[in-house]
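Asker: Sequence:
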Amino acid sequence: MYPRNNPASPPYVMESAITLWQFLLHLLLDQKHEHLICWTSNDGEFKLLKAEEVAKLWGLRKNKTNMNYDKLSRALRYYYDKSPLKM
Numbered sequence: 001m002y003p004r005n006n007p008a009s010p011p012y013v014m015e016s017a018i019t020l021w022q023f024l025l026h027l028l029l030d031q032k033h034e035h036l037i038c039w040t041s042n043d044g045e046f047k048l049l050k051a052e053e054v055a056k057l058w059g060l061r062k063n064k065t066n067m068n069y070d071k072l073s074r075a076l077r078y079y080y081d082k083s084p085l086k087m
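The letter at position 87 of the sequence shown is residue 87 when you use the UniProt record's numbering, and the numbering goes up by one with no holes.
Simulated from the structure, these hints should not be mistaken for laboratory data. Any given hint might turn out to be false.
FRET-style restraints, in silico, Cβ to Cβ [to be verified]:
no. : residue 1 : residue 2 : range
1   : 68        : 26        : 27 to 33 Å
2   : 18        : 66        : 31 to 37 Å
3   : 63        : 41        : 31 to 37 Å
4   : 74        : 43        : 29 to 35 Å
5   : 17        : 41        : 17 to 23 Å
6   : 17        : 40        : 24 to 30 Å
7   : 45        : 66        : 15 to 21 Å
8   : 77        : 50        : 17 to 23 Å
9   : 40        : 74        : 19 to 25 Å
Values in this document were obtained by computation on a predicted structure and should not be read as measured data. Each residue gets a CB set at the ideal place from its N, CA and C atoms; glycine is no exception.
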């Protein structure tokens, strides 16, 4: 794991104390990732364009190298009733 205060650290590995919805929002707001995830409407709905790549980035962020889309999708389902996430 990279040190938190190292400016050369990849942003996905810097801090693991982040929720999935915060991570997804970060990707959505960063144009560098528009090929992976994008907004589909103005009411907060989004689409994973490359779900496996998003899952791998999430795994890097959480230091879980075995992360895949199946595991990510289970985590996303948790938010369906708990927050305004729409897919």
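Asker: With reference to the structure, classify each hint as holding or not holding.
Answerer: Against the structure, the hints come out as follows:
1. 68 / 26: 27 to 33 Å: violated (20 Å)
2. 18 / 66: 31 to 37 Å: Violated: the Cβ-Cβ distance is about 19 Å, outside 31 to 37 Å.
3. 63 / 41: 31 to 37 Å: holds (33 Å)
4. 74 / 43: 29 to 35 Å: violated (24 Å)
5. 17 / 41: 17 to 23 Å: violated (30 Å)
6. 17 / 40: 24 to 30 Å: About 29 Å separates the Cβ atoms of residue 17 and residue 40, which means 24 to 30 Å holds.
7. 45 / 66: 15 to 21 Å: Taking Cβ atoms as reference, residue 45 and residue 66 lie about 29 Å apart, which means the hint is violated.
8. 77 / 50: 17 to 23 Å: holds (19 Å)
9. 40 / 74: 19 to 25 Å: Distance hint for residue 40, residue 74 holds at roughly 22 Å.
In this structure, the earlier hints numbered 1, 2, 4, 5 and 7 are contradicted, and the remaining ones agree with it.
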